[in-house]
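Order-wise, the sequence lines are chains A and R. Residue 1 is where the first sequence starts when you use my numbering, and the numbers rise one by one after that. Residue 1 is where the second sequence starts when you use my numbering, and the numbers rise one by one after that.
Treat the hints loosely; a few may be bogus.
So these bits of chain A aren't anywhere near chain R, every CB distance computed over 12 Å [to be verified]: (1) R74; (2) L289; (3) P567.
Capping the alpha-carbon separation at 20 Å, the derived lysine to aspartate or glutamate pairs in EDC-like fashion look like this [what the hints assert, rightly or not]: (4) K2/R / D198/A; (5) K2/R / E204/A; (6) K11/A / D172/R; (7) K2/R / D510/R; (8) K2/A / E10/R; (9) K191/A / E10/R; (10) K7/A / D198/R; (11) K203/A / E528/R; (12) K5/A / D327/R; (13) K203/R / E204/A; (14) K5/R / E204/A; (15) K11/R / D198/A; (16) K203/A / E10/R; (17) K7/R / E204/A; (18) K203/A / D327/R; (19) K191/R / E10/A; (20) K205/R / D327/A; (21) K203/R / D327/A; (22) K203/A / D172/R; (23) K203/R / D172/A.
Reference listing, derived: stretches of chain A covered by chain R, where coverage requires no fewer than 3 residues with Cβ under 8 Å from a Cβ of chain R [as the list claims (entries may be wrong)]: (24) 1-10; (25) 16-24; (26) 89-102; (27) 203-213; (28) 222-231.
Don't read these hints as lab results, they were simulated from the structure. All C-beta atoms, glycine included, are put in the ideal place defined by N, C-alpha and C.
Protein chains: 2
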Amino acid sequence: MKAGKRKNIEKLKKAALGMITCDLTITNVNLFNVITDEIYPCEVDICDGYIVNVRSFSNTRKANTKKYYDGRGRYLLPGLIDCHVHVESTMMTPENLSRAIVPYGTTTIITDPHEIANVMGIEGVKYMIDNSKNSKLRQFVLAPSCVAATENLEKAGAFFTSKEIEEMLQMDGVIGLAEVMDYIGVINHSKRMSSIVDQAINKEKYIQGHCPFVSGDNLAAYLIGGPVSCHESSTRDEVLEKIRNGMHINLRSSSLDDSSINIAQAINQINDHQFVSICTDDIHAKDILTDGHINGVIKRYIKSGLKGRDLYKMATINAAREYGFSDIGIIAPGYLADMQLINDFDGSCPEAVFISGQLVAEKGKYLLSDEKVSQYQLRNTVCVDQIKSEDDFLMRVPDGYNKDAISVNVVVKTSDRLWRTVEKMDLPVKNGCVDISGDPSLIYVCNCNRYGYNNKTIAIYKDFGLNSGALASTVAHDSHNMNICYHNPKQAFLACEKLKQCGGGVCVVDDEGSCDIIKLPIAGLMSELDCKSISQEIEKVQQKLSKLTDGSVHVLSTAVMSLTVLPSVVISDMGLVDGNKQAFVDIFVND
Amino acid sequence: MKAGKRKNIEKLKKAALGMITCDLTITNVNLFNVITDEIYPCEVDICDGYIVNVRSFSNTRKANTKKYYDGRGRYLLPGLIDCHVHVESTMMTPENLSRAIVPYGTTTIITDPHEIANVMGIEGVKYMIDNSKNSKLRQFVLAPSCVAATENLEKAGAFFTSKEIEEMLQMDGVIGLAEVMDYIGVINHSKRMSSIVDQAINKEKYIQGHCPFVSGDNLAAYLIGGPVSCHESSTRDEVLEKIRNGMHINLRSSSLDDSSINIAQAINQINDHQFVSICTDDIHAKDILTDGHINGVIKRYIKSGLKGRDLYKMATINAAREYGFSDIGIIAPGYLADMQLINDFDGSCPEAVFISGQLVAEKGKYLLSDEKVSQYQLRNTVCVDQIKSEDDFLMRVPDGYNKDAISVNVVVKTSDRLWRTVEKMDLPVKNGCVDISGDPSLIYVCNCNRYGYNNKTIAIYKDFGLNSGALASTVAHDSHNMNICYHNPKQAFLACEKLKQCGGGVCVVDDEGSCDIIKLPIAGLMSELDCKSISQEIEKVQQKLSKLTDGSVHVLSTAVMSLTVLPSVVISDMGLVDGNKQAFVDIFVND
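Only chain A is shown next, with the shape it has when bound in the complex (with noise of 0.2 Å):
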């Protein structure tokens, strides 16, 4: 597969032996040769954005060319490839993230955009690719596999069949099939998963994995169905498992998870990496800013004891093989311009980024004056007519129960990193509703349909961190249903409606009513604003939440409340969900 549109060949050709000018030679560089493992210095001429001549060793021919690059002795490598991510969990646009990860060295991202789909379906995937072309970053596209990510357990914005699925396939752009977190549907051959799976094993497209803990025969089962990769292990036997089975492993180190000291401990036990690669998945912002994007990951497993060489060739070579490009991760005649030079193998930021030959990013600057090329007049997706008033965030115990307390399954915490489950607890009712005014560990948590089903649940978490005030967001995994969590349903319904005005985004209420919004009101989860200017808020938002928390709570902290395929009790807007048994858990306890 190719990255790069089509090349005039004969031209190129005649650049590669010298017969016609080059556009850019960047000389005095050490290749680092990721085929072959080695270090030796060369001049690279680059012609219409392709390279067309590595010239090292013998070949000391000078260059005919245009222009000069002087790469100071810095070690030149191939831009990196970030395997899986979506860019919606950075809240920025296609475009915004390119101009902010182009100058970390990320030159290819394979993008999966399954949280727009499950707000507005395929509408929400055009915008994606199309707000992406506009970018100096290649962006690629898998299809999503699973919107929703359960069938009847939440209501999204939109639900795939293999029709949906059929036609992302065939878009410009797409070229595989993204990550299948539905395992136990891959595993148990459902009707749904294995036609949608189909679409991609009939068309040989590329099928991302997803199976966090799954092992064993079923590992075998999910590998027979059709998936190649997985970023989902956390433990060092789960890694290897996975790799000796065949499974591409894509390491990550994102904003909601780091156990990169487990796999790098895996990868270390093995003798060949070829099947490794690297992702981010979910990063946002200000991570971006503060630890820099795939470079920011290979800082992170370096100190978790892999060799950065190792890590330089994972998220170039092995990444750009996982996927079959032929043109990218490789520095060599007819492959696209896309490099990078850099002082050392640290996961620095480099010193400069050439992207199609053109020089776009130094010093962890962005060059170009691109800002702003796409303008779009979107909807706003959140659609929560449900919500009339504060009286809807009460807690109202089932029609006629007329007791003075009440059993509730309240939500807490297991000893897992970030798993909850239930636990049965009395509480007492007032005027009809479930009163938790007396226990300030409580807090109430709503998921509200933002789609226009007009569903909703309220339910009862315990140790949350939220002292006082409210917390809003539609940026919930994946339904992105709008989830509040809040002490009192006056600051909740003020957090409700400040969010449906302004199409998304997260809000902060204090107990006084005093507001701070990330704004995102491109599906209720992206910005329009640069990685800069949404960082800011970001960075506004976390502070005044901070006043009203115990220090553990982070504006993202509702954005995995609702994740029905995790292995925990989550909240939808139809009900308590165990994902363990992707079935209800009941909110009201019948004694």
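Place chain R on chain A using the hints.
For chain R alone, kept in the frame of chain A given last:
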């Protein structure tokens, strides 16, 4: 790309889960995992020809299986892949080749039927595909790109343009374009080669390279042109330059050539071997019997300094990835059960070989009873109507020439391996013909068109090594016109008549008129005999030949005398050709 036909995924999943009974379980083996480069104990479950489960470490459940095969602690690894082979050079049909090489552990070959294509065009390619379909060995075909090898220097039995390439690329089993030998055409963007290569580029098919000694700017231009591999390197620096420039290197050690020591030095200099794979190219039946197949190449390269385990990776996962196969070359769930059991990583014949999970060979013995499954009625391709009598082998001086000696460009050896040049010699003229009877170091060589063009060329060769009698052959790369080496027209005519009668082959005639023939009735290139029988025929002819020669001449010595793309003087039906200049050389010198 899948090597296997469509699989019943639902059934395989159930087998993986232990819900249905597998066909076979291979127990008690040490898996050589070619992905991670590890060795560990496991059991492998097979169903419907596919690997469904590789149970190791914690997954120690009892197999649900019909049959067990005890691996006795041996190493289990994938079957070997030959990246590039001309089946015709083995002198066997595709199905006989299968029976010959499968016992050596080869389970997949990628063939270039350009020998038969030169003789019979697309009809020949179809025969090879058809005949291979009955074999256990997986055989994939690359469309011959250079038929004839040159445009105006010889007349072959076919001439392919982009039209024929397009037709072949659409055939079932054709997976790409075969060795693009006309590197000069590619580098200079000749109309013919560009239009041929474009067919493969447009269909995103694999393009195999072939570019001996191409280097520097020319190599860059060749790579831009599309070819991705080369099996023609013979020096250390040549290998290093090619692999560093992104080329897949196919290690070769054929019946015609061995540069393994130089190549091994290059491979040992680089740190990553993922772009190295293995091929046989031209290997004939007798060598297969003696030395094995890809395992024999492995043995040779171990001797030349490479590590056994690395070589087995090259011939499995590396080859599969080079071609983009996603279901062979690895032992993992969902992959075809093409596997072998070996005692050591030393290139010895495997203890057992499985294809699609079927035990096909043990201890070098082919176990199936599928002899002679195909019967073909093929036409006699030897059409030499221009040879009517002994007199046609006289080397006549030009009309009107009446001196008693003449200046002749005699074809002499250079200091190189196989190459030749010309040297002017004055030779006597007798009865209007060049007379070499006074110099036993000289012979006549006639290249005689066998496709009805009625061309022939007669030239003088020095130090060929034939002391008496005649050697004739219809195997003469690539156009495969008939070459006859002789001292006396009488034996030449006899040899020619014999080959005409039997449809081609190699014939040796001594001065008494006693003949021995390797009969190759299929396109004058292949026998219908099995490996052992044809080897005996070769041996018998070789023995007769040895009596007539100084020991340096073997039955295939004439096979490279007419290859117009060699950097050598060669003989075609149209004249003497200087391959370096791609131009004719006068036979008679005009002083």
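Output the numbers, in ascending order, of every earlier hint that fails for this structure. The structure breaks hints 6, 7, 8, 11, 12, 26, 27; every other hint is satisfied.
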